[in-house]
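S.K.: Sequence:
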Amino acid sequence: MSSREIAQIVEDYLKSVSRVLTSGFETEDMLEELETHINEAFQNKVQERPLANKIDLLREVLNDLGEPKEIAEEFKRADVLLQGPEEDDRRTFWLVVRFAINMVIAVVAAWFVSTLPDAGVSFYWALVVFLMFGLA
5 MSSREIAQIV
15 EDYLKSVSRV
25 LTSGFETEDM
35 LEELETHINE
45 AFQNKVQERP
55 LANKIDLLRE
65 VLNDLGEPKE
75 IAEEFKRADV
85 LLQGPEEDDR
95 RTFWLVVRFA
105 INMVIAVVAA
115 WFVSTLPDAG
125 VSFYWALVVF
135 LMFGLA
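Here our numbering is used: the first residue of the sequence shown is 5, the next is one more, and so on.
Rather than coming from a laboratory, the hints here were simulated on the basis of the structure. Heads up, a few of these hints could be off.
Stated by the list, open to error - Within a straight-line C-alpha distance of at most 20 Å, the following computed SDA-like cross-link-like pairs (lysine to any residue) qualify:
id	residue 1	residue 2
1	Lys49	Asp33
2	Lys49	Val100
3	Lys73	Leu18
4	Lys73	Val24
5	Lys49	Lys73
6	Lys58	Ser6
7	Lys58	Val24
8	Lys19	Leu69
9	Lys80	Ser22
10	Lys58	Asp68
11	Lys49	Glu9
12	Lys19	Arg95
13	Lys49	Val24
14	Lys49	Leu61
15	Lys80	Glu37
16	Lys73	Ser7
17	Lys58	Lys73
18	Lys19	Leu99
Whole structure, please, built from the sequences with the hints as guidance.
M.R.: Below, the structure is given as structure tokens:
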């Protein structure tokens, strides 16, 4: 029932959550926030029931939080909500750029294939084929 055992249980729980989270810039901040929340909830339980077994109280806190996978999913959802519309604008921009590059490559490739002397392929058929491959 030592503070070392309690710290180890919290550390194991946080490691379980971090394994499920994708590594990123905010992952450490999220884990620190979670650790703070666990410690505050644990201290509140200890104040409410000072005679209870501290490890049991900590396990109650962790059970109230849920499985590490559930916690990680909540953090991911919150991260997506925090990204906001500018992230969507950036994705849209790069999608349009990628589409434009594919179109240019398809037109150049179709022109090149149609100018080959023994190919016998029309520019439009070659363009359709290259567009299908480029957009897939």
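S.K.: Hints first: check each against the structure and report whether it holds.
M.R.: Hints, one by one, checked against the model:
| no. | hint | result |
| --- | --- | --- |
| 1 | Lys49 to Asp33 | 24 Å, violated |
| 2 | Lys49 to Val100 | 54 Å, violated |
| 3 | Lys73 to Leu18 | 11 Å, holds |
| 4 | Lys73 to Val24 | 6 Å, holds |
| 5 | Lys49 to Lys73 | 24 Å, violated |
| 6 | Lys58 to Ser6 | 9 Å, holds |
| 7 | Lys58 to Val24 | 27 Å, violated |
| 8 | Lys19 to Leu69 | 15 Å, holds |
| 9 | Lys80 to Ser22 | 12 Å, holds |
| 10 | Lys58 to Asp68 | 15 Å, holds |
| 11 | Lys49 to Glu9 | 17 Å, holds |
| 12 | Lys19 to Arg95 | 32 Å, violated |
| 13 | Lys49 to Val24 | 27 Å, violated |
| 14 | Lys49 to Leu61 | 6 Å, holds |
| 15 | Lys80 to Glu37 | 14 Å, holds |
| 16 | Lys73 to Ser7 | 26 Å, violated |
| 17 | Lys58 to Lys73 | 24 Å, violated |
| 18 | Lys19 to Leu99 | 36 Å, violated |
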